[in-house]
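Going down the list, the protein sequences come from chains A and Y.
For the first sequence, my numbering gives the first residue as 45, with consecutive numbering after it.
For the second sequence, my numbering gives the first residue as 45, with consecutive numbering after it.
Some hints could be false.
For identical chains, the list gives no copy identity; a pair is met inside one copy or between any two copies.
To be verified - In silico lysine-lysine, DSBU-like type, Cα no more than 30 Å apart, as pairs:
#1 Lys122 - Lys68
#2 Lys118 - Lys107
#3 Lys159 - Lys106
#4 Lys72 - Lys107
#5 Lys107 - Lys56
#6 Lys56 - Lys122
#7 Lys159 - Lys56
#8 Lys127 - Lys195
These are calculated hints, taken from the structure and not from any lab test.
Number of protein chains: 2
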Amino acid sequence: ARPRVGYFYSGKSTNQLLGEQIRKLYVKDYKSRPVVVYEETSVYDAICTIFLEDVGSLFVVKKAGYLSGVVSRKDLLKATMGKQDLTSIPVGIVMSRMPNIVTCTLEDTLYHAAKLMMRAQVDSLPVVRPFSEDPAQLEVIGRITKTTITKVFVELGENMTL
Amino acid sequence: ARPRVGYFYSGKSTNQLLGEQIRKLYVKDYKSRPVVVYEETSVYDAICTIFLEDVGSLFVVKKAGYLSGVVSRKDLLKATMGKQDLTSIPVGIVMSRMPNIVTCTLEDTLYHAAKLMMRAQVDSLPVVRPFSEDPAQLEVIGRITKTTITKVFVELGENMTL
């Protein structure tokens with residue numbers, strides 16, 4: 045019998061189809077805007093930026109423009125536990141530093157990005173590409189977070205049977 | 045032709061199947077252990093608990109045992125911006141307080157929980173049930189977070205074509 049238009053019998057199980065569908069979603073279509081600060085930015089100003097921009101992590105760049113580190117809410121909280129003046133500590137001191145930063149590219153799948161976040165136990169990944177002025181460095185062009193994944197999960201769950 | 049064992053032609057699109065599959069996942073099967081503190085716990089001790097327990101939010105309970113509020117990393121960061129002594133501020137002052145707390149139950153779907161987190165712009169939900177000693181109050185029995193959802197997303201994406 046000929047299948048109805050739009051449907052076809054693929055010989056695959058439902059779980060395989062779902063896995064394939066999820067692995068067709070790409071970082072480039074879901075990334076959000078990165079929020080960056082300089083290494084010299086104070087912990088105090090970084091905390092203000094977290095609130096003003098309503099994000100969970102900041103990406104830290106060198107003045108030249110390439111990725112230098114990532115500073116999370118937890119890095120900032122830890123910094124506040126000391127007795128120092130927050131306006132005098134630069135984020136460069138409390139951030140996680142390259143090359144110990146997990147990143148993803150526009151061409152990666154969301155599935156891959158989600159797996160990296162789980163493995164590295166981080167809440168966000170900078171989306172990067174080679175830095176034009178020095179290809180050994182990385183330029184930050186976006187951000188993927190657990191919020192991105194949760195939003196996509198809701199969108200996928202919204203597909204109702206007609 | 046008879047379909048191979050284990051496969052069948054359902055007449056539904058892949059996206060519909062994916063949506064249905066996602067809406068079959070329940071909070072009760074994916075919740076993790078809640079980490080709770082008392083209203084009287086100091087902001088300093090709450091921050092220590094965040095690090096020791098490796099979580100993003102704490103659920104705050106009354107001494108009697110029922111849910112009173114939620115305190116996030118951002119609530120704690122905000123508290124550190126003041127000039128007060130963190131050991132003398134109770135979390136009860138900086139937390140989000142009932143009834144302004146979004147919760148879910150064991151019988152909710154993960155899809156529903158994820159939608160609630162997106163709508164309320166929170167990173168975690170307490171899983172609750174009526175408090176045995178006072179059914180007007182809620183007892184915390186678990187936790188669902190954006191990390192839970194990201195982990196499930198990875199599991200769904202792992203279903204490979206054989």
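Consistency of the hints with the structure:
In this assembly of identical chains, Lys122 and Lys68 lie within 30 Å of each other by CA distance neither inside one copy nor across copies; the values are 38 Å within and 39 Å between. For a Cα distance limit of 30 Å, the shortest separation of Lys118 from Lys107 qualifies both inside one copy, at 24 Å, and across copies, at 28 Å. When the C-alpha separation of Lys159 and Lys106 is checked against a cutoff of 30 Å, the pair qualifies only within one copy, where the shortest distance is 28 Å, while the shortest distance between copies is 37 Å. Taking the shortest alpha-carbon separations for Lys72 and Lys107, only the intra-copy value of 26 Å comes in at or below 30 Å, while the best inter-copy value is 48 Å.
Taking the shortest alpha-carbon separations for Lys107 and Lys56, neither the intra-copy value of 52 Å nor the inter-copy value of 53 Å comes in at or below 30 Å. When the C-alpha separation of Lys56 and Lys122 is checked against a cutoff of 30 Å, the pair qualifies neither within a copy, at 49 Å, nor between copies, at 51 Å. With identical chains, the CA atoms of Lys159 and Lys56 are at most 30 Å apart both within one copy (24 Å) and between copies (29 Å). In this assembly of identical chains, Lys127 and Lys195 lie within 30 Å of each other by CA distance neither inside one copy nor across copies; the values are 39 Å within and 37 Å between.
Violation of the numbered hints given earlier is confined to hints 1, 5, 6, 8; the remaining hints are satisfied by the structure.
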